[in-house]
Each structure stands twice: as structure tokens, then as C-alpha cells.
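*Asks:* Next come the chains, spelled out residue by residue.
6 protein chains.
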Amino acid sequence: MNELSPKPPRLSTVDMTELVLPNDANPIGNMLGGRVLHFIDMAAAISAIRHAGNPCVTASFDSVDFHHPIHIGEACILKSKVTWAGHTSIEVFVEVYAENIRTGQRRHTTTAFTTFVAIDPATGKPAPVPPVAPETDDERRLFEGALQRRAERMARRGEH
Amino acid sequence: MNELSPKPPRLSTVDMTELVLPNDANPIGNMLGGRVLHFIDMAAAISAIRHAGNPCVTASFDSVDFHHPIHIGEACILKSKVTWAGHTSIEVFVEVYAENIRTGQRRHTTTAFTTFVAIDPATGKPAPVPPVAPETDDERRLFEGALQRRAERMARRGEH
Amino acid sequence: MNELSPKPPRLSTVDMTELVLPNDANPIGNMLGGRVLHFIDMAAAISAIRHAGNPCVTASFDSVDFHHPIHIGEACILKSKVTWAGHTSIEVFVEVYAENIRTGQRRHTTTAFTTFVAIDPATGKPAPVPPVAPETDDERRLFEGALQRRAERMARRGEH
Amino acid sequence: MNELSPKPPRLSTVDMTELVLPNDANPIGNMLGGRVLHFIDMAAAISAIRHAGNPCVTASFDSVDFHHPIHIGEACILKSKVTWAGHTSIEVFVEVYAENIRTGQRRHTTTAFTTFVAIDPATGKPAPVPPVAPETDDERRLFEGALQRRAERMARRGEH
Amino acid sequence: MNELSPKPPRLSTVDMTELVLPNDANPIGNMLGGRVLHFIDMAAAISAIRHAGNPCVTASFDSVDFHHPIHIGEACILKSKVTWAGHTSIEVFVEVYAENIRTGQRRHTTTAFTTFVAIDPATGKPAPVPPVAPETDDERRLFEGALQRRAERMARRGEH
Amino acid sequence: MNELSPKPPRLSTVDMTELVLPNDANPIGNMLGGRVLHFIDMAAAISAIRHAGNPCVTASFDSVDFHHPIHIGEACILKSKVTWAGHTSIEVFVEVYAENIRTGQRRHTTTAFTTFVAIDPATGKPAPVPPVAPETDDERRLFEGALQRRAERMARRGEH
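Residue numbers (my numbering), protein chains in the order written: chain F, 1 to 160; chain V, 161 to 320; chain E, 321 to 480; chain C, 481 to 640; chain L, 641 to 800; chain A, 801 to 960.
A few of these clues could be false.
Said to hold, decoys possible - In silico contact screen, one side only, chain C against chain L (beta carbon under 10 Å); selected entries:
1. V500
2. L501
3. P502
4. N503
5. I552
To be verified - From chain F, some residues computed to sit far from chain A (all C-beta separations above 12 Å):
6. L11
7. T103
8. D120
9. P130
10. A133
11. R140
12. F143
13. R149
No lab work stands behind these hints, which were simulated from the structure alone. Cβ atoms here follow ideal geometry from the backbone N, Cα and C, with glycine treated the same way.
Construct the complete structure from the given sequences, taking the supplied hints into account.
*Replies:* Structure below.
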């Protein structure tokens, strides 16, 4: 679809660890959902820019479920990587874990598929991005599911 | 479904206006998607707590599309209201606009459906919430669409 | 006084809602007065820029009384609008309410009159602003009181 | 008026220096008035708590004029001290300077008189505070002007 | 030295990635050294708490050199792990890299040795910590150097 | 060493006072070491820029010990001044105190020697700085110790 060399997800993998502070939480001590989404967006943006070699802007978040609360004093741990790329758009997959740092007990709290558009900084217009070259079984599964997710995004935009 | 008196969306409507500052934006001056989602979560949480009369925690965000960039120095304007409630869960609808404050030009940039669970602060368990009593045509349309959106959330959770 | 078309306060009305987080409060859980003043300034600045169609800088705050404490977990709700304009200066009126979100109980905690000067971004000099065209009785009362407030500001500046 | 030993303003003097960062400023690079007021409140609160020996909450700000803009990269320098005390209330005077750090050029940008109420942390009620014992001519002048400023505050509250 | 089971550094390894935002930098666009130190402390604290199984407080930073500037829009990447433990104290080693996200070019900018003391949350007193069981050559080298670094810390404290 | 007029440390002395807020502390209520280091860097940077008359970037922190914890609601008080200058580098000494504001009880918690390099904003290259002219016995002692501290910094950089 474009002539840039394919890149493996390995090159765009981001590991992020954030200590949950009082201002990240609501009055009953649970981390605010919006703070989790902010961290997801930061991790995913870094993955997207690494893959694109250009600035990227957030285009969409697929639906996100918060399976477990995260508490003040716990660590919020994120892992993100690029799963698929179109002509100028990039899909990034992010997994979020909460860790009770003292016990090491870790819960898988959220997964998110986000999309970004690469921007040519000289023109401000969308810029072509390299294709994705999955290397592991897991990466291939995510890559193969991408067209279905993309079709669903197109469909939901058509509805609105 | 419960014996609490129904409440109209009017009582949970939240208007929020935020000036976009440099730290809210990426290096090319576009507001970070995660900051928009954080503001959406704050507005929606206040709507949900008003409706529930109890603390609420974010349970999910349906998919969100960012239709237009928002720039440093613009206003990010949000309007949220409760659309539907189950036994202990609440759906909140949020619309986001970007405004060039000097010209008054305003773009509709994002809509979001989020869900919250009410928490009994004494037990930390989910607490019953009042039903929603829509008053306008628009509120009735949102109310009627809620069961379909809820079914889709159930389905997607089943998949994972 | 200038040839710009008059604008009604309606066009500069700003609604702001902020959840009070731990870092907004002192160790006994009361929202810091300076945080309230910061939110007042943000709401008023947006009203002023809307009216002026140009960037605006804060010129003064009239005296402000804090009638009731606001607590962590409450909402701080602000409503601001332009009340009067001179050649390059604008008066903005802001009302602040605290809301116990769970009970809906709301207290009027503060009112503030602030003034701003519009700036021509090309020259950095003060820029002419449109006159104010009050539409409601309340707006007319605020408009009519503005000259007296302005005289008091002039007098107090003369003293210093 | 109470039997606590008088304290000189010297014991409550606070020196504060803040580097103005991008998020403290509006899009044309001027420090937001609300950020200046926030710093004034922080310095004054520390002065008040030192004098009272108890937590204090902001009760009022007398009118404040911003004489000169402060820019990103400059230092915002504050000096605050207690000037007068009633039975449970304290008046604090704050002066604000902007400094171009590289040239050392300093402008006097704002002065503020604020009042605080001391709180007994056990009961949450107002707590008696020591009288003020001015030591310098400047402190005596501020002390003597306090009753007039207090009368004006009483009068303006009566009006509202 | 204590009877807790030894733990390998692998279990306390923390990966952190932070996008450098405008408020993290000085007016010439370089990341503030204090922000880098803050991130080092956060990563190291999480490593220390993981190793100790208890809250930990920062006791010291050995000298830190900033070899290269980090710029707004770059990623600040940290890797920390526990290297050695005494009776109640823990040494943590942190490496900091700056990455130009678009080009993938990465510079090693800083290394830091920090120490923490574990705290028993019930008593507020120092709590015993497990010994460290290095597994790799690199970990053994760091472990063996720890006694010399500890002797230097003791000596410098004696001087003051 | 250069022809700029010597400047006394008096001209670069910075007094900083910060109220410790919830987000500055860990879950057991102790101020995070990294926040203290951030404040040290801010105070020292202002001292360095004042002395240099140019922007300055942090080059190093000598080892730092945290002798006492600082708690939420206390004041963190810093005093910094330039102690010595080379051709383009500046040494700044910072002392940190914690104050229980209500009792006035103050503990000396940390001292730090930091170095900065002055930058010519036109070229981005290191810029010459004035020599330091100590005026008090204390300043002379710090000045005389600087060459020894500098030799140790050189030695430790050689090791790495």
C-alpha cells in the first residue's frame, strides 16, 4: 500500500509504570477512569510516533471496559504496541495492569485498541506510514483481527 | 426495577468549559486525546453521582472518535447528562465541542457514551440507582437506544 | 465610544464545573481560596476573550469574600458573563457555587467582579472592544452599577 | 482582646520564588492572573498559620490590581506577613514582584490584603489567635490601617 | 543478615516511559533536571517497595550527572532495579535514556544510585528487607560494588 | 579566567517556600524525595541564571541525603546561592528545611551542591560566566571548598 519498509511491533513497544497519586483518584480512593485513559493515550501515542517516524494524533478509541478498580498507592502498568497500519493510520493495542506493589499481586484491568493518524509536520497533512510486519503468533492474531475492527469503526462512523 | 423515584436527565446535566493549556497538547499543538477523555470522564462522573446520590466509578467507555483537532488557547466545552439507568449502573452521554474563543467558531469534535456503577460508601458494594425519566424527544431517543447499546456492551464483554 | 457592534452578555456566558481533588485543598479538607480564584480567572478570561474577539489579560479583581468552605469531592460550579466594557477594558462578573454532588445541596459561596484588557496580538497594545448590550433586568442592573465600580477602582489606584 | 502572647510580623514573614512555566501562562505568554492569586493565597496561608498556630482558611481578598504582565521564564517573587489580628481572624499583606532573572530587572506588579480565619482542628470552629505586635515603622503603618480596611470589608459585606 | 528469602533484581525491575511536555522544560526547551530526578525517584521507589514488600522512603541519591539535554516532545525512558539490600535499607540503580521518538535515536543521559529505607506501616519504624540474589553478571557486578558505595555514603555522612 | 565583573553570592540568593500538598507525598504521608529534588533544582536554577545573566541547564547534583521525612501540610523551605564559578559552569548550594507551620518547629533536612552550565541563547553553546566574589566567612568557606568538590566530580566522571 506504500513503499516504506515494514516495521515489526517490537520496535514500537512501550512499557509505562505510574504510581497512582491522590489526585489521580476519586474521593473513595479509586483511580479515575479518565486518568487511565490519559495514560493509555500517552503510551499509544509514543508507539504510534515510533512506528510512523512522524507526529501522530489520536483518531479513535474503541470501547474500553474497566474490569477492576485501581487504588491510590498502587502501580498502573501499561504495555502498548502497534498492531496494524493503513495508508496514514495506525492501530495501537494497549494493556493495563494494576499492581499492589507490596504484594506483587497484579490484575489485568483494561485493554484498549486506539487509532492514530500520522501528520507530516511540514504540511500538517496526513503522512504515509510503514506497513506492520508481525513477528509472533500473538502479533499475527492482532494483525489479522485489525481489518474486522477497522470495518466496525467505518460502520459506526457511517451511523453518526 | 427499583423503588427509588425516577429522575429526569435535566437534574444531572453538567456544563464544563476548559481552556486548553500547553501541557494539554502534543508538540504540534493539538490537544492530547487522553486529556479530552479525562475531561469527558470528569463531566460524566459528576452527572452519574448526581443521578445516583452515591459515589460512582467508571465502568466503560463506548468507542470514541475524534473528528477535529483542538488547539492550545481554544476552549474545550463539554455537556453531559444521564440517559439511562439499570439496577446499579448508569449510562451518561457526553458531547464535546472545541471553540475558537476569539471568533466564536465552534466544532462538534466528539461524542461519548460512558457507563458508571454506583457504590454504597458504607459497604463498598454496588448500590441501587433511580430510574431515568426522560422529558424531551432527544432524551427519549437516547433512553430508547440504551438497551441496544447495553446489549452490545454485554456482547463485547462476552467476547473477551 | 467605539464603532464595534454591541454584544449581549448572553454571548459571553461561561459555565464551568470542576470536581475538587485532594491537591485543591488544605490539610483540613477545605478547597484553597487561591484555587477558587484561579477557576474564577479562567472562566472570566474566556468570557472576556469571547466578548473582545482578541486575547485578554487580567487587570484587576474587586474584593472577594469566601462565604462557605468547599470540600474535597464536591463540585465547584462557576458562571461568568461580561457586564460592561469601556474602550479597551471589560468587566466580567462571576458567581461561584459549591455543590454536594450526592445530595444536590448547593451553596452560593463567592461572587467576583474582574476586569480584563483586550490585546491586539499583532502589536501587543490594548485593542478596542465592543460595547455591551444588556438584555435582561439583571444584566441591566449589573451594567448600570459598572460605572460606580469603575470609579471606585480608579479611586483606589489613585491612592496607591 | 485575647490572652495569647502578641507575635511580631517578623515571625510570619514568608518568601516565595516561583519560576513561571508554560502552563502558568495564556497563549500570548502572560502569566495568568489566577496563578498569581493562587501563589498569593499560598504565601498568605503559611503566614496566617504561623501566626495562629492553627490551620487557617481564606476568608477574603481585598481588591487586587495587576500593574504589569509577568512572562514565561521570569520569576514570580512573593513576600507576605501578618499585619493585624482580631479575635479569630488575621490580616495578611502580600507583595508580588516579577523578575527578569537574566537581567535582574524587577517590577512591583501586585499588592494584596487577604484575611484568614483560624480553625480549631478538634472542633472545626474558629479559634482565638494572638494579637500582632508590630516592630517597624512599616509594620506599624500597616497595623494602624487595618481597622479602616476591616470597616470597609464589613461595609461591603453588609451591602451584599 | 535477616531471615527473609532472597529476591532477584528481576522481580523489582521497573520500566517507565514519559513523554516530555512543555511544563517539564525550561524556556530554552530543555527538560528540567529536577523533573528527571523526580522520575528517577518514582521508578526507584516502585523497585524498592516491590523488593521490601513494605512502603519505602528515599534515604539518599548518590551524585548524578546529566550528560545530554532532553527536549520537549522526546521520551524520557527509565529502567530501575534493586542492586543490594542491608538490614532495612535498599540500593536501587536507575538508568535514564532520552529518545527522539520519530527517529528512534536514543542517548544514555543519566545513571543514579539511590537508597531507600523500608517502613513497617504499623509502627512507622524501619522494617527488615530481604537480601538480594543477583542472577546475571551485570547484577553481580552491581551487587559487589554496593559495599564500596555504602562505605562512601557512610563516610560522607560522617563529614557533615 | 574571564573578564566579566565578579558577583557576590548575595545577588543570587533565592528563598523558596512550598506548602506540601497530597500529590507531593507517598501513601504513608511522607514528601517524595523526587519532589524535594525538583524544588532544589528550581531554586538552584534561578540562582544560576541570576549569576550567569543567561539561561542555565543542570549539569550535576552531588550526593544528597534526606535526614528527616517531611509531611503533608508542612512547609518545605529552600535557600540557594551560587558558591563558585568556572569558565562556563556554576556551583550552587541549596539548604532545605521542613517546618511544622503551626508550631514553628523547623528541621534541617537536606543540603545539595548542584552545578549548572550557562548557555548563550543565540548559539546554544556554553557561555562565559562572571567569577564569584564571596563576602562572608561562610561564603568564603564554600568558595574554597569548591575546587575540591570539582576535582571529585571530574574524578567520578572519569570512572564512568
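*Asks:* Now, for every hint given, state plainly whether the structure supports it.
*Replies:* Against the structure, the hints come out as follows:
1. Annotation: interface hint on C/V500 holds; nearest CB of chain L at approximately 9 Å, less than 10 Å.
2. With its C-beta approaching chain L no nearer than about 5 Å, C/L501 sits inside the 10 Å limit, and its interface hint holds.
3. With a least beta-carbon distance of about 4 Å to chain L, the hint placing C/P502 at the interface is held under the 10 Å criterion.
4. This hint holds: C/N503 has a C-beta 5 Å from the nearest C-beta of chain L, less than the 10 Å allowed.
5. For the restraint placing C/I552 at the interface with chain L, the shortest Cβ-Cβ distance is roughly 6 Å, inside the 10 Å limit, so the hint holds.
6. No Cβ of chain A comes within 12 Å of the Cβ of F/L11; the nearest lies about 29 Å off, and the non-interface call holds.
7. Taking the minimum C-beta to C-beta distance to chain A, about 14 Å, the non-interface status of F/T103 holds against the 12 Å cut.
8. Every C-beta of chain A lies more than 12 Å from that of F/D120, the closest at about 26 Å, which supports listing it as non-interface.
9. With a closest Cβ-Cβ approach of about 32 Å to chain A, F/P130 is found to remain outside the 12 Å limit, as its non-interface label requires.
10. At roughly 37 Å, the least C-beta separation between F/A133 and chain A is larger than 12 Å, which holds for a residue marked as non-interface.
11. Against chain A, the non-interface label of F/R140 holds: every CB pair exceeds 12 Å, the least being about 41 Å.
12. For F/F143, the non-interface assignment is confirmed: its Cβ lies about 39 Å from the closest Cβ of chain A, beyond the 12 Å cut-off.
13. Its beta-carbon lying about 37 Å from the closest one in chain A, F/R149 satisfies the requirement of being farther than 12 Å from that chain.
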